[in-house]
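So in the working numbering, spot 163 of the sequence shown is number 163, and the numbers just go up one at a time.
Heads up, a few of these hints could be off.
[Stated by the list, open to error] Derived EDC-like pairs: lysine to aspartate or glutamate, alpha-carbon spacing no greater than 16 Å straight-line: (1) K8 / D174; (2) K173 / E161; (3) K120 / E62; (4) K173 / E11; (5) K8 / D201; (6) K191 / E211; (7) K5 / E204; (8) K120 / E109; (9) K87 / E62; (10) K8 / E204; (11) K53 / E31; (12) K8 / D193; (13) K210 / D193; (14) K154 / D138; (15) K188 / E109.
[Said to hold, decoys possible] DEER-style ranges, computed between Cβ atoms: (16) E158 / E62: 33 to 43 Å; (17) D193 / N2: 19 to 29 Å; (18) R108 / G71: 26 to 36 Å; (19) E103 / P3: 37 to 47 Å.
Derived from the structure by calculation, the hints contain no laboratory data.
C-beta atoms are modelled at their ideal positions from N, C-alpha and C, and glycine is treated no differently.
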Amino acid sequence: MNPSKRRKIFERLRAANPNPTTELAYRTPFELLVSVVLSAQATDKSVNLATEKLYRRANTPEGILALGMEGLIGHIRTIGLYRSKAKHILETCRLLLERHGGEVPQSREALEALPGVGRKTANVILNTAFGHPTIAVDTHIFRVANRTGIAPGKDVREVEEKLLKLVPEEFRKDAHHWLILHGRYVCKARKPDCPRCVIRDLCEFRGKTKED
Numbered sequence: 001m002n003p004s005k006r007r008k009i010f011e012r013l014r015a016a017n018p019n020p021t022t023e024l025a026y027r028t029p030f031e032l033l034v035s036v037v038l039s040a041q042a043t044d045k046s047v048n049l050a051t052e053k054l055y056r057r058a059n060t061p062e063g064i065l066a067l068g069m070e071g072l073i074g075h076i077r078t079i080g081l082y083r084s085k086a087k088h089i090l091e092t093c094r095l096l097l098e099r100h101g102g103e104v105p106q107s108r109e110a111l112e113a114l115p116g117v118g119r120k121t122a123n124v125i126l127n128t129a130f131g132h133p134t135i136a137v138d139t140h141i142f143r144v145a146n147r148t149g150i151a152p153g154k155d156v157r158e159v160e161e162k163l164l165k166l167v168p169e170e171f172r173k174d175a176h177h178w179l180i181l182h183g184r185y186v187c188k189a190r191k192p193d194c195p196r197c198v199i200r201d202l203c204e205f206r207g208k209t210k211e212d
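Please construct the entire structure, taking both the sequences and the accompanying hints into account.
So, in structure tokens, the structure goes:
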């Protein structure tokens with residue numbers, strides 16, 4: 001894909017959604033961190049349903065620790081892998097208090113040192129909470145990048161590196177959200193909704209769908 005076409009794609013995504021953001025409900029970097037850890041192999045909707053009540057009860061490292069394992073599980077039991085996630089969140093709360101004064105760190109190295117926080121989660125926090133131009137490549141972004149030809153790659157790291165290199169700088173901070181939302185609602189895995197896609201004429205996918 002040539003740079004001109006790639007730029008046009010992001011111009012259209014921006015025009016369709018000028019202020020994209022995560023669909024996870026949060027008010028502080030700490031709430032976002034907990035929500036992102038909970039969102040692994042779960043929908044944002046299911047996480048929001050659980051955290052709406054959880055954050056009313058406890059939305060700080062001290063508050064979560066005061067709940068204890070069973071208290072926390074009581075709020076997140078509806079989410080997959082809740083026991084291991086609860087363990088990670090409690091240990092993360094302890095480390096935030098011990099090492100970072102209870103605040104969410106703004107460096108990748110410090111974030112990835114927290115339990116349950118890998119590269120993708122760190123990228124989400126850096127981008128969404130702190131405005132860094134990072135791109136967290138999930139299944140949606142991986143699919144869209146490869147299917148459209150924006151930044152094809154064999155694995156998530158290759159796609160991430162290509163996106164950071166190829167996406168024009170003015171779009172880089174919001175590219176993460178545009179691509180996720182596009183993959184979630186338009187460029188779906190089983191049947192992409194090409195007829196209502198704003199970039200269908202720029203996309204290089206050969207198997208475009210038509211109106212039913």
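Checked hints:
1. K8 / D174: OK: K8 and D174 at ~15 Å, within 16 Å.
2. K173 / E161: Answer holds: K173 to E161 is near 14 Å, not above 16 Å.
3. K120 / E62: violated, 25 Å
4. K173 / E11: holds, 13 Å
5. K8 / D201: holds, 11 Å
6. K191 / E211: holds, 12 Å
7. K5 / E204: Holds: K5 and E204 sit about 10 Å apart, inside 16 Å.
8. K120 / E109: Holds, because 13 Å separates the two Cα atoms, which is no more than 16 Å.
9. K87 / E62: holds, 15 Å
10. K8 / E204: holds, 13 Å
11. K53 / E31: Cα-Cα ~12 Å, so holds.
12. K8 / D193: Given that 16 Å is the threshold and the Cα spacing comes to 19 Å, the pair is violated.
13. K210 / D193: With Cα atoms ~8 Å apart, K210 and D193 stay inside 16 Å; holds.
14. K154 / D138: holds, 13 Å
15. K188 / E109: Distance of about 33 Å is beyond 16 Å: violated.
16. E158 / E62: 33 to 43 Å: For E158 and E62 the Cβ distance comes to about 40 Å; the hint holds.
17. D193 / N2: 19 to 29 Å: holds, 25 Å
18. R108 / G71: 26 to 36 Å: holds, 31 Å
19. E103 / P3: 37 to 47 Å: The hinted range 37 to 47 Å holds for E103 and P3, with Cβ atoms some 39 Å apart.
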